[in-house]
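Relying on the hints, combine the two individually framed chains into one complex.
So the sequences go chain by chain: A and B.
For the working numbering, add 336 to where a residue sits in the first sequence, where the first one is 1.
For the working numbering, add 628 to where a residue sits in the second sequence, where the first one is 1.
If you're looking for bench data, these hints aren't it; they were derived computationally from the structure.
Every residue, glycine too, gets a C-beta built ideally from N, C-alpha and C.
The hints are all genuine.
Restraint-style ranges between C-beta atoms, simulated for each label pair:
(1) ILE746(B) to LYS642(A): 48 to 56 Å
(2) ASN665(B) to VAL548(A): 39 to 47 Å
(3) GLY674(A) to ILE663(B): 51 to 59 Å
(4) LYS675(A) to ALA702(B): 23 to 31 Å
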Amino acid sequence: MKILLKILLFVILSLFIAGCLGIGEKTQDASRPINLVKMSGQDMVQRLGAGEIAGFIMWEPYPAIATTKGYGKNLLFSGKIWEGHPCCVVAYDYNWYINTKNADEILRRMALVQLKSVEYINNAKPTNSPEHEALINYTLEFGGMTDRAAANLSLQDVDFVYNTNVPGATTFIKKIQDFGIFDTGKWIQSGYFNASDYANSLITENYVDWAVMNKDANLKSVSLREPVTIRYGYLVNDIHELPFYVAWKKGYYNDVGINITIAEGAPFQNGAFEMQKGFKADTVDVGSLGIPPVIIHRINSNDFTKDDARVGVIAGMNNEGSVIVVANNITSFKDLRGKTVGYPGPGTIQHVLFLMQADKEGLKVSY
Amino acid sequence: MKIDSERKGLAINILSLFCFLLLWHALVMMARNDIFNIPFMRLRDIPTPIETWYALLGSMFTKTYGPALTYGIADHTRASLLRVVEGGIIAFIVGVPVGIGVGYSKLLGNILNPIIEIVRNMPPMAWIPLAIFILVAGGSIFIVFIGMVFPIILNTVHGVKSTDSRLIDAAKTLGASESKIVTLVVIPSAFPSIMTGLRIGLGVGWMAIVAAEMVIRSPVGLGYFIWNMGDLGRYAEMVAGMIVIGVIGYVMNISILVLQKRFIRWVD
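Bound conformation, chain B alone (with noise of 0.2 Å):
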């Protein structure tokens, strides 16, 4: 029974996906042929699902015209996941033992709360101009690092505060010290929501790593690709970029999930 929902919920899935392509197809072709158009909107140059993928087949690797070095779709998505993993060990590395303190030290709770409270409410965009104007390097991992470090704080907090407080009592009547509690019995139960936050700031980082190659530009990266591609009227191969970083952000969430399935037994 079970397989043959999952079959069915399967089938239901493939087929929206398909009419959904077919909608799409059908409101461009129509806007061309001045059948129908929505108002305030030139769908006519938005590029079919056919052309889009042809689009995406030819813009895929790195290409050479004369003196011309075009990058690939492939080349472009490599520099933007190298720079949401850098922003992510950054991230990472803050932002886990600042939701420990934060969460289990009363004290440094009070102090940090405050300013993590204003500042995780500024988006990762609005620090895109001091980025600029600021760093000398690293803009788009700095900005990769403040969508994802809020995420990770508040879900580490989270985490911490849900220790059961019986494990922790026992624990202390055994004898054991803060920092063992701490490494044996409250990093443990947080980690779970640590994974969490790690994926929540994952789907944060990867669209503000967007976001900052339009405007922090470098020469290579998924971001910079869309708007070059807009800038020479090449909307199939902008559209081709947008569903690449779709697909892949989607990716990261899935493969997040699945490694949590397999990896903290632990949890339920």
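Isolated chain A (complex conformation) (with noise of 0.2 Å):
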């Protein structure tokens, strides 16, 4: 009996001992920093109905369906944190550009069926627009959704852009560069002097200018001699990407002799797997996907003797259209303090601006 009674003892005092680690923990409540957790968009909307996490930064559609179920409400469109701030961009991969003869003039072509695809959505967006009902149905379809309330929801969300934003880019890299997110002897091994530096070899303008300069010509008219197949690269059911979605179903591509075929891996859970899976193993040509992780992949995940995991952007595809979504009982960005709050990964676009925000309000966010 004693036996048992020392079993017991000691059951007591690790438990004991394990609450008062536990405990520790949760003392400093007011300095407690914010707990982002990776996880799917699904995810997020599930957990936040079933009142796991507090709140979620995604892209949208995400943001719009957990709205539109009454799981919550917006507390923040990502275009309050930074007006106007870049997203998803056009880029292309490097080896490809090098192998391929043509590739400046297939480029072109893809920023102008980009700039084409833009200016159809911006005139279909309005609930007037004879398009409207064809616009929603691509989201739905693209966005992986069924709810029509909530795809016209996210549309409105989202400001699509074709034009490149080397400032917006310089300013990402800095705030990137700030909270830590280079692997600091890659930076250097990269050789950019600074921020701006960076942001000017990352991003090509001319495309676009072809592209404006052609933007009332008839696509077919300015079709490639040959055609060309291209691995194609892009995020699942992310709506900031419905440019590409909706050229690819209308049929832009194929009228510039550009034979879109959907790269292995894709549609890529992140930005940070579509850099590391795709266009650094050669199986990604052209792709879109969110500026941060081409800023951090081209130089954390790169090998500088190779550079294999250098790209170009040469369009834009969205400004904005990311919302933290938060529980209903919770009013401001303060009370998400010691909280945990779901995100699409490390070194996403949601991440970065997560961050900036905190910046802003003085508080800290772990992850």
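Set out below in structure tokens:
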């Protein structure tokens, strides 16, 4: 009996110690960070509904789905964190570029298709547009959703663009540097002097310039002489990349002589995956993804002797379009302190935006 | 003589570890210089041992960059260990009594054995989806519990069953009650086996926690850390984290062996 008692005592003691360690974590409530936890968009909606997380920051359509279901409310649009911030972009793989003899011709037409598609979407966005229903259908298909109201809501939150944005990219690079995300050794290897030096090397503006010059041309009239096949990478159910989907479904790429095949591994879970498993592994020729993953992985994941993760940005996809959604009982960003918030992963645009907002409010964020 | 051979053994141990590091370094450097590469692998992206060492030092402690709080390996380790300890305590509380019951009583054995036999063959990782969808909190601790409880039960059963029947008979003839036989004869005799179960369980629990932390995401934990570093393309930190996981598993195993030798004097 004595031994049993001793065991019991031991167990109680250990539980007590474990409990103390646990309590120790909870005492400094005021200075507790907001805990970012990586999860998929589906998970975010479900967990917010179940009350397991206090909120999430995500691309559309997930915020629209969560709010139309009544699981939470919009706390902050990303345009309020940084007005007109760049988001997704169209990028090409550098290895593909140097091994393709008419790569410039192809990229000009990709930029033109992007322009046409963005114009179509922007014209079809108002609910009284004759094309609105068709656009909603594209949104439902691409976003993997069924609710038409949510589809419309998510469209209104995204600002579709085709222009590149060098100052925006520069700001992102600076922020990513400040937040300690770059591998410092790799940054030195890259040889860039500063953020704007890097941004200028990353973004090429003349493809969009060409597209703007030819914006009134019929797509078929500027078609490539010989059709080419492009392996395209994109993100799963990301409404930001709707211009790609619309252009693909409406046959714009075919019109200019580009045959799109979906790259191996696409659609990708997030931009980090697209960079590492797509561009770096040479399975993606051209793709769309958020600009922060491009910025981060062209440094961190790059082997500078080969420059295998080198990509170039040729056009924009969208500005803004991410939302911080919170549970109904939360009224301010500060209320998230000490709570768990879902996000799509480290190094994503949502991650950087969330850190920027925390910086403004003087809060700490752990990830 | 004995000390000499022990020294020799230790020397070979150290030499082999050094050779492994050298081989690792050589493979990576050869791949980077396009001399030799194992097909279907991007060996050039693996950090060298030296890069890994610096990454380990650099990411050991928690740092803040403006609003960003990045936990160090020390904090990640603490969080993972805490989960293993919590899951392990629960597994111990549940596993030992169940094991004694199943080992000592034929009836209880017949009732519980089929259930144990089926459930123990579900790997802890197979419970992760269930833990995500059913449990509101403590998913990772639950996975550790699942990983640890069956080695503890099985080894306890084994220990109870291998109790010398003469000792039990002797206690019976001396008029000891059932409860006294269990507490004074069976448990002490089974104790080394229980400790073995705890040791094996800790090994399984440690593996399970790393897997669980990768899927059941919380902001802190070693499994979470290595996945996060991979996501950011910081492979040196990722490999450093993997090595820390291995070293901690090894240290846990060794320390229980030492404890076992120290405290269970009635075993030779």
